[in-house]
Amino acid sequence: MSKKKLSSSVIASLVLLFSANAFATLTYSQSSGASAIDITDTKKPIIYGGFAGTCTADTTSSTCNSCNGNLVSGTGLIPCNENNISPDTILQLVVNIDNATITNPSNTTGPTVKMGGSTGTSVGTTSWRAGATSFTVTVSWKDLCNNIPSNPTTDCSKDLNHDLYIAFENVGSGTTTTDSMLVKIVTRYAKATAADTSWNYVDCPTDPDPNTINVGFCHFTVFPGDKKIYADALAVSTSFPATPNSGSTYQSAVFFYEIQNSSDADDAATVARITNASPSVRLPVSTLGGDPLADNRIDGLTNGSRYCMVMASKDQTGLIAFYTPTATNAVAPATAVDASTLCTTPEPVVGLLDDKHCFIATAAFGSDMAPEVQSFRDFRNKYLLPFSWGQKFVKTYYKYSPKYAELIAGNETAKIVVRTALWPLLLFARMSVAFGFWISLLIMMAAFVTVFELYRRLILGRNVRGEL
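Numbering (mature numbering (1 follows the signal peptide of the UniProt record, and there is no 0)), first residue to last: -24 to -1, 1 to 444.
By construction, these hints were calculated from the structure, which means they are not laboratory data. A quick note: this is a predicted structure, and the numbers were derived from the prediction, not measured. Virtual Cβ for every residue (Gly too), placed ideally from N, Cα, C. There are no misleading hints in this set.
BS3-like cross-link-like pairs, simulated, lysine-lysine; straight-line CA separation at most 27 Å:
(1) K134 - K90
(2) K358 - K204
(3) K375 - K204
(4) K160 - K90
(5) K368 - K204
(6) K371 - K358
(7) K160 - K19
(8) K90 - K19
(9) K358 - K368
(10) K371 - K203
(11) K375 - K203
(12) K20 - K134
(13) K118 - K167
Label-pair ranges, simulated between beta-carbon atoms:
(14) N237 - A108: 56 to 62 Å
(15) Q350 - R433: 33 to 39 Å
(16) T311 - E388: 56 to 62 Å
(17) A397 - T197: 32 to 38 Å
Sequences and hints are given; from them, build the entire structure.
In structure tokens, the structure reads:
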């Protein structure tokens, strides 16, 4: 290829690269009629729709809360969505235009809206007019579901993970350019009928992987705290409950609970009263290593009152499903989780995984706010609590340490002795948080060997020379 042809080719490529249509000139502005929205990228937002349960509100003009405790097959633990939509719900998208060719067109056709990408089927209507810097796309979810490339449905019972293509075509000087944007449409549908009880999870207490993608929680036990309950022994399965839609991952665990009252004969009776309209707490999923939840505390409870709770998983569409199998909602009695593991009584006790309980260190250093105590607390949070064996160690420590802490707190000599004994551990804890556990362990071992060798040479050697 000649230099002239090469130069022309490069220039043509640069012209194409920096032309107006090389940049997205359509961007998301706002919307209504969706369960949730992800606008991390306004050039390709994600619109989520969750279909679960039924609502009494007008679902054509807005979403509604289907977590209303309605009973199906004797249980109120059925899939629901606090921003539920129906096939008749109207989705409206306001799109901004940043292109003078479109806003003041000479040869621009109106916007094209297609479900399934640029080759999909036209859907909905638009409010576009010449000179406007924005327009609205109006389409029902039924229209979207019925115009996907394969397996269309009018009841939206097939999960969607498709692009909604919005574009303008500009015709001029013999060429046609296109300004477009894609809106990802992601839905989940949960059938809730008396014949379908697959909305409770299969208990998985021994699954080893707490960070599997696209799965929800399928095991927990309660552990009491001071005005709180800990969701202990959390687990997920590599296969269940998994979202059928790869476009929607789980974002939180939801705990529904009821306070035991005098009319409840036992824990099972309290658990049986729990529905998806019961008081609830949502705990965000952690995307980091270790525990699947960033914080496993259900706070704001009353000490001395017994609470029972069940768990479900909430995904990005807002759909809440896969509940703890109980005696009233389990597919078979043998699969039900024992109610005693779901009920406990918060108390102002000391043997708990709380932020301000490091008893012996607190007694030795004089305050639970002492920087030395905080260093031990940081080590605990980073290297002990993320692991089941570490949690057991901490619980055992909290169980037996208060009585020794009480003895230390009243004796100044004991405080000095314990502080001295804790200094090597404190040094190791601080180094581990700053530099990592294994590096710190190697440094401490090297220091120990060095000190022992000095002791052997200086002290033991002196004794040998004295005997001679």
